[in-house]
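Following the hints, position chains E, F and C against chain Z.
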Amino acid sequence: MEKYLYIALFAPLVSSMFSALFTNTPKKQFVGIIASLLIFSAFVSSSILLTHILDGGDIVHVEMMTWMATGNLYIPFGFVVDQISVTMMMVVTLVSTIVHIYSIGYMDHDKGFNRFFAWLSAFVFSMMILVMSDNFAGLFIGWEGVGLCSWGLIGFWFHKEVATWAANEAFIMNRIADLGMLIGIFLVYWNTGSLQYDIAFPAMAHLDSATLTWMGIFLFIGAMGKSAQFPLHTWLADAMEGPTPVSALIHAATMVTAGVYLVIRSNELYDLIPHVGLFIASLGAFVALFAASMALVNRDMKRIIAYSTLSQLGYMFAAAGLGAYWVALFHLMAHAFFKALLFLGAGNVMHAMHDELDPFKMGGLKKVMKGTWIMMTIASLALAGIFPFAGFFSKDTILEAAFAEHHMVIYGVLLFTAGLTAFYSFRLVALIFHGEERYKIFGIHPHEAYKFMLIAMSPLLFLAMIAGIFQTPFFEMVEEILGATEYHIHSHATLLIMLVGTQMFVGLAILYAYKKYASWSSVPDGSSVIENSFIYKLLYNQYYIPYGYEEYIVKPYNELSAALWEVDKKVVDASVDGIASIFYSAGENTRDMQSGNLSTMLKWMVVGTVVLLSLAVVFGLAARYSGEIMSILSGLGV
Amino acid sequence: MEIGLNHYLILSTILFAIGLVGVMRRKNLLLLFFATEILLNSVNIAFAAISHYYGDLTGQMFAFFVIAIAASEIAVGLGLLIVWYKRHGNIDLESMTSMRG
Amino acid sequence: MLDHILSILIFFPALAGVMGFMIDKGSIRAYGVAVAFVEFALSLWLWFAFDSNVSGMQFMENIALIPSFGINYILGVDGISLFIIILAAFFTMIGIASLTETKNEKNMIITLLFLEMTMIGVFSALDAIVFYVFWELSLVPMLYIIGAWGGPMRIYASVKFFLYTFAGSLVMLVGMLFMAYFFYQATGTWSFAILDWYRLILPESFQLWLFAAFFVGFAIKVPMFPFHTWLPYAHGQAPTIGSVILAAILLKMGTYAFIRFSLPLFPDASVFFMYPIAVIAIIMIIYTAMVAYAQKDVKQVVAYSSVSHMGVIILGTFALNVEGITGSVFLMIAHGVVSGALFLLVGVIYDRRHTKLMSEFGGLAHVMPRYATIFGIMLMASVGMPLTINFVGEFLSLLGFYEQSHILTLLAGIAIVVGAIYMLTAYKKMFFGEVTKDENRNLPDVNKRELIALIPLAIITIWLGVYPKPVLEPINNSVEAVVQLMHNKSTTEEAKSRIPNVSGVVISKTSTREAH
Amino acid sequence: MLSPINVSLESLNLITLAPMLIPVVGALLILVIDIIKGGLDKSLYVVLSILFLALDFSALLDSAGIFSKDGIMLGVFDVMLVDGIAILAQFIIVATSILFIPLALTNKRFHEFSYPEFFALFLFMISGFQFMVASDNLILIFVGLETASLALYTLIAMHNRDKSFEAAIKYFTMGALAAGFYSFGAMVFYALTGSIEINQIATVLAANGYADIGYVLVGVVFMLASFGFKLSVVPFHTWTPDVYEGSSAAMAGYMSIVPKIAAFVVAMRIFEFLIHSGIAWLEVVLWVLVVVTMTAANVWALVQTDVKRMLAYSSVSHAGFVMAAILIGSTQSNSAMFLYWILFSFTNLGAFSMLWISRQKELPGYQKTDHSFEKFSGMIITSPMAAIIMAIFMLSLAGIPPFALFWGKIYMISSAVTGGYTVLALIMALNSAIAGYYYIKLIVYMFMKDPIVSNVDNNGKLYVANATLALKSIIGFAIIGTIFAFLAVDPLLEFITAFVYNSGY
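For the record, the sequence lines run as chains Z, E, F and C.
With our numbering, letter number 313 in the first sequence gets 535, and the count goes up by one each step, no holes.
With our numbering, letter number 94 in the second sequence gets 95, and the count goes up by one each step, no holes.
With our numbering, letter number 164 in the third sequence gets 514, and the count goes up by one each step, no holes.
With our numbering, letter number 243 in the fourth sequence gets 290, and the count goes up by one each step, no holes.
Source of the hints: derived by calculation from the structure; they are not laboratory data.
Bear in mind that the values here come from a model prediction, so they are computed numbers and not experimental data.
Hints may contain errors.
Said to hold, decoys possible - Keeping only pairs whose Cα atoms sit at most 30 Å apart, straight-line, the calculated DSS-like set for lysine-lysine is:
#1 87(E) / 825(Z)
#2 819(F) / 225(Z)
#3 496(C) / 519(C)
Claimed, not checked - Covered by chain E, per the in silico footprint, the following chain Z stretches (three or more residues, Cβ under 8 Å):
#4 813-819
#5 823-829
Backbone N, C-alpha and C define an ideal beta-carbon position, used for all residues, glycine too.
Here chain Z stands alone, though its shape is the one from the complex (with noise of 0.2 Å):
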């Protein structure tokens, strides 16, 4: 098996290479192929692996080489199979072999073609050594190489300054998420002697609960910045600046969903410290519904694709923070499969529009794009968690997760959030599908993507139907690991309202989106009443939260620096210079004592002498009168 996990993890290497060879050069239709050809190599292999696994296969684990070895430290490059990772490895490899497909058709007529691909592949290499590794410094390699190749791709028209300016953003906020994570790593490494999961977890179980605290968090900050958390979350919507193919990979299934895998893989840890995990699942399900309210008034077809997938990561840590690991984990699949599809779909739109993203200006769309329509309309159906597609079963079990356990504002907050969802995603869909074609005012000929493009997008229209059936085999795959329980509502009765009720709401809110804009027939120009009402400023601003960053963090930074590096040369250097320009400045003005004056020479002479004469004289009086002058001084007091 260890020959399958090699394919898995170095397939993406070599064709990143591969592709590097070639970026200086024009359009190669063949870098695209055969990039994609090993990218789905290391898909099969992964899904050798599952089946190994699922036939309960015992686990593989390989230490490749020693990386680090010092002190007691000890860090190979080690690498694991099992249950999460084995999922991980699915979902990665599948929608990256699809985006990869998909993005030769997209990136087309782009002269940085070859250049996509060395990135996109070495994407996958750091996410397969993310999800694979077993260990924490491993894992950081990954986490760190998926953030370089997000910066790489999110900037990926490097002539936009939008696109190079988020990919700053993204770079720079998910650093700041880092710096926990390394603090992280370092407790954990400073309190269990090891880096390696397999050393360090079983070790946890003996440390004192405050530790524990410090460990969870910081290692959560780490993934707060992966995950776009609150209040790390603006980088994902900047980040729609990259190519669509990019977002539907990086910021939509797999590279953002790296926080809840660290959580996941951290079960051992958070089931120790449930306090750390309720605030987990309080900050998931707010980010849930503040990102979904953002969602609901934002124009740019992108953006409400990334705020939802802000909110479903909010979903899937709400799940993680209450222990509901196999329910995160299994949520995380079934999003990205679609949720990738939705990005892609997107992606087709927008080729179709001349990359225009405001929905607003579209409509009508389904006569020229069926095949585009249907699936997205698909997607947001799972996404709004209808029965039978994926979305149900994967969400619906994260509210029935909240319910069984008692938390009854998250689950409320949950709940209303699987509303909004549903709202804004019919509503992006309504817009751009249905009502009048409003692209004909900006002269636009729309018209349907590659057929290779749908084809390569037709497994995850399957995989979002359909993913619900895995529910029960992947809870039986990782129940071992995860020592999952499954989530009883006290009554059948119960569920079954539960699930009626959750579908009849969101049905409603789908129903509500469609009358609302299936008919939409004009472009907002922003003098409507709620376009300039309070609420829908402040959401349509996202709280206001990237100008505050702006104005209260950046400009700061921006003026400090500036104001630094005046101090740097007028306190620090200025002093330093000061000290030297005393002495020189000294020879300077004393250099007159030289006058050249024969006299005044003389003088000098006799005055040295004189002086000197004058402390002898005073010395010898002392001296002599040393017994006197104690004894007044002594009568002084002295």
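Chains E, F and C alone, transformed into the frame defined by chain Z:
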């Protein structure tokens, strides 16, 4: 009043002080040389007196050497003075300030 | 030959430099490359012959120089110094090979060969005075390189560099003389041999003063805040090769000296000063990173980034445990490679445009994709991307210091954030966006000569990032010995607890002597 | 009255006089030769002087042999005192003189060397210095001092330019004042103790427990002023820059070394017993003088525009540095002083010789003085070898290892450390940093500035215009000595330490 050693020493010191003042005040090279002579000769007085006081000849020897040295000094000094006078037509200290700083 | 390989390594370039005067101007570069290559090959041979399982000194040489005053010509390498020596030989080689200065090329190459002598001398000296000789002597070629081939303010910059470091090292010299005197008092013989000094246990109060004296010299060299201001000038004005060698090797002398002198000689003082120095290191990291962000000149960005990274090295050193010190030694090499490469890269664009202002560039990724790629790799190494050489060092340094203080490490860790901020911003300004300046439209991409220098550096950057073991292992072994020595020598309770006992075996007290 | 004196020749121990008499004989011979046949070439006199100095040197070797066997020698009514430091100082004086005299063999014609009297005076002067160091009798010291000084004034004046006369007059007048101070100081000691032998004075003072400390200090002050003048201690240093500037570079170099070592030895004899007696006043005053001399001279040197004048201030600073030896007063410090001075003389010999070979007769417009900094601009381009050599001398003066002065410097600072003068040690060290600036300034001009056009045209001939084989060999000797000093330090140190220690210092 009997003239004792101290009187000689005081005289010597006063002469020495006069010499010092002269060294500082004189702007004429020749007068400056006079002042240095006063310095040396003031010391001679003291040496002679002390020598007499101790009853050994060392001090007087010293005085003789001082006289000899003073003489040779003046020989060299006057030589320099004459050269300077030949080249510049004066022996003012003010004229010797080409090097400074 | 192996018995004297260190002497050969030191004096071969110097001899070649003297002979270089006889070489014709047109052939001098070939000569320089040849000599530097032989030197580099010799240094590799040293590595090959080096027994990485031995933690102590190897290839020791000992020739009496001034025995009546305890000064002897003692050389030796251990895992800590070995790789810096190789790095010095390496950078001299690629520096000469990729040299673009054509004015007075002969003088430049001869100067570089002398500089190589002094660099290798510093890292292989085991006698304090011999160390000091090379330490001071290294200032002279650098003074000339900056002052003769530098920018408009070159003379100010070079004199400042010289005098500042000179002043600092004089204080260190007084410290050394005190140390020798204490040794004399304890044993009755003069000795400046470092290994002799290692056996001397000083009372804590003495240690504090001596530590401070050595600190002044080292801190200015490193350079540590607030003694760092010579560095931006030196880098800003120096020619490319000067900056490369300054950043890659000369700065390492300070940090190396901390490990060679301050820690093992004054373990109690090291513990005593650990927090203040860590605070300084953190100021270096954050403050200079912010200053770097405010720069308009890309070379200044790299220069300030050097200071920032040196902060991490200092922090690792004063972790006082094996992980931290190993990390800091490794980071010295890593920072040498990466900052050297970055300065070479800045030199590439400077040769083409004769400006280093970032506002003059923009969109270079369109016209110079290869350049952008290599710059990108080095940029990522500089910000500490895992699987690049810098990460290993930074990770271990921070990891090591975490044992001493959680909060301070957290603050120091901000390095990875602020580092990313200034580096990415600079990269964005230079490479991203549209090409705005007409002069930039037809810039040629990196040529062969530049690639000769850059490709090996890129390879090392990745190679040692992925597989640091061949370097890390010898370092680790030697560092363990140092830490063990410190633990054994420490006298205060706090020092005993702060400095880990590596082997668990306390070396008997008979080998150590007490000073009064 | 006086009883008849019986003097045995053996007790006179005339061998002690031999080293001083040889140069006197040489000087007389030169004068006689000139009387017999005038107009002979200077090379004859140079070689004759060297030969006599070589004889002098071998006589010294003889004395050294006797000293290391039998210890201190007294002679000529116990007026002569040949101890280790006297021998060491004479070695330095004679050896340096041998090295400096060939500098007369210049390419260009200079007025003074055409006179045989120049060489005769030179030899008289050496004899004077030798007397000065080889005695602890205040009279003989005075006589030696004045013999040497008067000869020196004349030698300076013989350079025959306005500035040299001015220099000679200034030096002379101040010298006369210093002579007055000296005799007054001697008188005070005589009055207090009835003796003019330094060891007698010490014994008597110690015997009465320094009862008249005030008067002792008066004497000390006058001695300090007098030797402060000779050693150019601030504020008695004012003659130094002017005299250096006025005299030829060769003579200036000579002056920076030989008169000072003679004065140091006498200062050691006079002041160290006082220091050892624990006179705090002297300790404090010396401390201040040392620090002020070092620092102030360095500060003034910073702002100079002429290299020779800069080197003048630098030698003041070096003298201050070495004065610390007297303050510290240990065997190590005194040995350090001799070591330092030997190494210093090599370096200064080289530095001043380099100035000397670049001496022009006519000054071009951009040059205000003989050796202004501008003159050396871009020397590395036009005359690289000369520039490198000059740079090495500068680095040595700055105390950059491994060049000669560094070793003296560390030994001296180490003696301060050992003697417990920590702050002084730090100040001594940091002064090197200040000094670094002006030494580097010359290097900056030579290596980093663009050459002056006319120098490029004549291919840097300017810098070696005055050079002959003799001068070049002297410079070669100096540069080898400067670079490879580290090989010589150990034997020197052992030799010096033995001599100093056995003389009781």
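Consistency of the hints with the structure:
The suggested pairing of residue 87(E) with residue 825(Z) holds, with an alpha-carbon distance near 27 Å, which does not exceed 30 Å. Taken as a hint, the residue 819(F) and residue 225(Z) pair is honoured in the structure, with Cα atoms around 25 Å apart against an allowance of 30 Å. Note on residue 496(C) and residue 519(C): the hinted pairing holds, with a Cα-Cα distance of about 26 Å set against a maximum of 30 Å. With a threshold of 8 Å between beta carbons, the proposed coverage of the stretch 813-819 of chain Z by chain E holds, since 6 of its residues qualify and at least three are required.
Counting residues of the stretch 823-829 of chain Z whose beta-carbon sits less than 8 Å from any beta-carbon of chain E gives 3, enough to reach three: the coverage restraint holds.
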